[in-house]
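J.: The primary structure of each chain is shown beneath.
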Amino acid sequence: MITLSSDFGSPYPAAMKGVIFRRTDARIVDVAHDLPRQDVRAAGFWLRFVLPEFPPVVHCAVIDPGVGTERDAIVIRVGGHALVGPDNGSLVPPARALADEDSADRGSGGASSEADCRDAGFEVFVYRPESPASSTFHGRDVFAPLAAEVHETGISTIEEIDGVEPAESFVDLRFPEPEPIDGPKTADWTAETADGIAGEVLVVDGFGNAITNVPGTAAEGRDRAVVNGMSVPIVDTFADVDPGSCLLTVGSHGYLECDVREGRGDEAFDLGPGDRVEIVFPPTDDGSGDGLEELRNG
Amino acid sequence: MITLSSDFGSPYPAAMKGVIFRRTDARIVDVAHDLPRQDVRAAGFWLRFVLPEFPPVVHCAVIDPGVGTERDAIVIRVGGHALVGPDNGSLVPPARALADEDSADRGSGGASSEADCRDAGFEVFVYRPESPASSTFHGRDVFAPLAAEVHETGISTIEEIDGVEPAESFVDLRFPEPEPIDGPKTADWTAETADGIAGEVLVVDGFGNAITNVPGTAAEGRDRAVVNGMSVPIVDTFADVDPGSCLLTVGSHGYLECDVREGRGDEAFDLGPGDRVEIVFPPTDDGSGDGLEELRNG
Amino acid sequence: MITLSSDFGSPYPAAMKGVIFRRTDARIVDVAHDLPRQDVRAAGFWLRFVLPEFPPVVHCAVIDPGVGTERDAIVIRVGGHALVGPDNGSLVPPARALADEDSADRGSGGASSEADCRDAGFEVFVYRPESPASSTFHGRDVFAPLAAEVHETGISTIEEIDGVEPAESFVDLRFPEPEPIDGPKTADWTAETADGIAGEVLVVDGFGNAITNVPGTAAEGRDRAVVNGMSVPIVDTFADVDPGSCLLTVGSHGYLECDVREGRGDEAFDLGPGDRVEIVFPPTDDGSGDGLEELRNG
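Protein chains in written order, with full-length UniProt numbering: chain A, 1 to 298; chain B, 1 to 298; chain C, 1 to 298.
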């Protein structure tokens, strides 16, 4: 089985399928081809969300704003899976998730950086074909054939593919971490005890849900929050509020998201990818946090 | 084979695919993942349109505005097929179609109601897992695993699955029925003889075709109608009118639909799901129905 | 394997899948179902782009503005592939590509015309079922069953299918050819030497890239051009210009396309399918073409 992910829209991915079927009779499974265009961080987010659900297979994921530049093609081997795509960081969050190292996914501000393969927790290979592709469509001309070859050769013997060799480094990608806000009470901040957290929007999904980097655990036991000055309920399900109402909920990815029932959260909260989100929780029963009261009613 | 239908957009359904492939090597076939969001009636309409074309397989269809509430998960067994999804009525129209009981699909106004399983014409099972899922993504966490288990266990032995037992009742869904209009001449109305029919729009498809609940037989032998006061031709095919022109035709689902060639019928006719549609046919050769003349030229 | 292409959107193609799976357990591969609606030329372009990437299989492609009219259903056999669809020209460009006759694809202005099967370079069969389908959904009722039957019968023995017989003619489709412009210096125009070329937009893809009929070879060795009076760089990759900038590049289909990095080329260049595109190259080092200077700065 080979899964395909891209930002190519339609009908470009079909050309990749044809190329693969010329080389193998593996099953092809579409993950998505409408991932946010040329958005490496969104790709990393969604691939981390989806790929760990699969049994160990080959995943070909091409979100590649650097196509035509010097960036390498890589294959990552982790937990029986193989990830094939450009060396731009997009494959790293799913690789960490597959390596069960999510807890180590701690922030460098969302920027890509160079990382050493020896500490990665997974194996990275670089692919340098003898005759470099000149095309603008590396999905069809580089990555699809490489994914087919990884499938045919076997994930455990990637090294045997011509042009594949262990990489010394790779472009890393770590999502930014939310930070405690609002003064001394947050000095001993943990996700469970924070009274105020500043995070940012990682991605907006197709329905306008603005998904943040704030873990859902931060809202445990809370039923209301002030998000960028707007007071909204924290609910388990959309059905808990009226149509058109804003809400904060924990999405299936485990993060807080800013949503509207039967509407678009990104518009109602005026939030897009990368925007700062300040989430302040009202005072708890023990009287702490009174100072937040006015924010709460903002 | 397992078919997948949802209103999840992208890339959420891919997580369901991964979950299924971890449990079975069944073929997965996408029906659609852009069904009208949280619209149980539209789901029922489209599933009834598509699923009976398939050979007997497992169908997992998740349009689930009640996710997170007390609604049950159900499996319907009918004609060798199994339908897996939430107990909200969306699975009932395709179940009736598969039971070859379409003729019994007579109106209660489109509302959902409670029905007794003994009269259903198909078997309904409820699924109550030991440890209830807390997630907001039951497509991935409840229905995908259940569909995989139904496939592995076999449709004829659904009862053997842990947590599955015969249901006593289920949420029914029947589409509204069109009604004769326009006075005494419609007293002996049948689909074939009606001079005026009031129905409603069931769904609007992706091209803007406003599909009504009026059966195509109502327009047999007619070449023109007045739809909500607008006189339009009744044609067999779009090519029979000029680009941009309004028309009434019988869609592949068997119902009259309000369309525009190379345009959107919903906009031209100002119609959306649930809107009332009055269709009046001009007088026939025997001179009846002169009173409709002015409507005809409205 | 059967590939499916259409302009049906969703969920109509799923009905075709069901129909096919009732008749064969062939693998079904979606090429695209959002091809430009009822646009035979765009269908020909995209099918020519995608289908030759596949190994020899059955391709069912239904872009069919003439559904319900007298147009025939055809099957084309070429290079081990079978193309199933309406006789409107849409299958001809991929058939020529599969016949390795692309070089013969020379222009009659993009119009469809009647062609003789004896010169085609591929075999054309017409399909006339005993009981003609009356439906508006020939994708489900004619082409899907026919594709399944071609698959089951075998591409080499299409003639054995009831209702299939060799065609004497078929509706041809050839894309228009670009022409040299700008006076005597273009008298001995070839794609390599032209200083000015007038072509047209064949299709606009989902990202707004306006793809022309001017072959990329026309721009070899050039780094700038004046497109309809607008001076833009010719680049290998989007990354060579700033976000929001216009550019001319050679797409993966081999033609020049008018694009914007992180934007829509069709809007920035004000171009749609069928629009004329004049591309003028600045003078080269040998001093020729000074007269183009003002156009260049237009």
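Where hints are given, some of them may not hold.
Claimed, not checked - The following label-pair restraints were derived from C-beta to C-beta distances:
hint: 1; chain 1: B; residue 1: Glu160; chain 2: C; residue 2: Arg71; range: 50 to 60 Å
hint: 2; chain 1: C; residue 1: Arg264; chain 2: A; residue 2: Asp242; range: 36 to 46 Å
hint: 3; chain 1: B; residue 1: Thr237; chain 2: C; residue 2: Arg264; range: 51 to 61 Å
hint: 4; chain 1: B; residue 1: Gly206; chain 2: C; residue 2: Gly274; range: 52 to 62 Å
Just so you know, these hints were derived from the structure itself, not from any lab. Every residue gets a Cβ at the ideal spot worked out from N, C-alpha and C, and that includes glycine.
J.: Within 52 to 62 Å or not, the Cβ separation of Gly206 of chain B and Gly274 of chain C?
T.: violated, 24 Å
J.: Taking the beta carbons of Thr237 of chain B and Arg264 of chain C, is their distance inside 51 to 61 Å?
T.: At 33 Å between Cβs, range violated.
J.: Determine whether the Cβ-Cβ distance between Arg264 of chain C and Asp242 of chain A falls within the hinted range of 36 to 46 Å.
T.: The hint (36 to 46 Å, Cβ to Cβ) holds, given that Arg264 of chain C and Asp242 of chain A are roughly 37 Å apart.
J.: Given the hint of 50 to 60 Å, check if Glu160 of chain B and Arg71 of chain C actually sit that far apart at their C-beta atoms.
T.: Between Glu160 of chain B and Arg71 of chain C, where Cβ atoms are some 52 Å apart, the hint holds.
Hint violations for this structure: numbers 3 and 4, all remaining hints satisfied.
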